[in-house]
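Number of protein chains: 2
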Amino acid sequence: MTKVYVKYKDGIIDPEAENTKKALKMLGYDVKNVRIWKVYEIETEDNIKEMVERLLVNPVIHEYKIE
Amino acid sequence: MTKVYVKYKDGIIDPEAENTKKALKMLGYDVKNVRIWKVYEIETEDNIKEMVERLLVNPVIHEYKIE
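Chains as they are written, first to last, in our numbering: chain A, 1 to 67; chain B, 1 to 67.
Any given hint might turn out to be false.
[Said to hold, decoys possible] DSSO-like mimics (lysine-lysine), calculated; alpha carbons at most 27 Å apart, straight line:
#	chain 1	residue 1	chain 2	residue 2
1	A	K49	B	K25
2	B	K65	A	K38
3	A	K25	B	K49
4	B	K9	A	K3
5	A	K49	B	K49
6	A	K32	B	K65
7	B	K49	B	K32
8	B	K3	A	K65
9	B	K21	A	K9
10	B	K22	A	K25
11	A	K3	B	K22
12	A	K22	B	K65
13	B	K22	A	K32
14	B	K3	A	K49
15	B	K21	B	K32
16	B	K38	A	K22
17	B	K21	A	K22
18	A	K32	B	K32
19	B	K25	A	K32
If you are wondering where the hints come from, they were derived from the structure by calculation, not from laboratory data.
Put together the whole structure using the sequences plus the hints.
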């Protein structure tokens, strides 16, 4: 089981994170920041880095780490 | 910075994970399983558990942990 963590690069606005922050503020919470990672747990013997770069991330806007 | 890990409960089909697995197989990879977690990193002094239950998860289909 390999874990791949994907998020938007710093400096690129993550619309879902922004909206989550806005919605929490509208509910009355004092939220300074929200960031969202997506974590893929993949069971395979094949080359995960290749899979990730072909399908799971867009290198223009995403950064990722494999663990 | 608190991290909230959210995923579909076991036994509940995660459509995005299923489609990711299908797409990787169509690209020729031998993938046994894909699971997806969403991780919210939230900077706040307020009650995170309450926020999560009010806005971020649906307890019928999601499980979560706060770290």
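Results of checking the hints against the structure:
no.	hint	result
1	A:K49 / B:K25	holds, 15 Å
2	B:K65 / A:K38	holds, 15 Å
3	A:K25 / B:K49	holds, 15 Å
4	B:K9 / A:K3	holds, 18 Å
5	A:K49 / B:K49	violated, 35 Å
6	A:K32 / B:K65	holds, 21 Å
7	B:K49 / B:K32	violated, 33 Å
8	B:K3 / A:K65	holds, 17 Å
9	B:K21 / A:K9	holds, 25 Å
10	B:K22 / A:K25	violated, 38 Å
11	A:K3 / B:K22	holds, 18 Å
12	A:K22 / B:K65	holds, 22 Å
13	B:K22 / A:K32	violated, 38 Å
14	B:K3 / A:K49	holds, 25 Å
15	B:K21 / B:K32	holds, 8 Å
16	B:K38 / A:K22	holds, 18 Å
17	B:K21 / A:K22	violated, 32 Å
18	A:K32 / B:K32	violated, 39 Å
19	B:K25 / A:K32	violated, 41 Å
The structure does not agree with the numbered hints 5, 7, 10, 13, 17, 18 and 19 stated previously, though it agrees with the rest.
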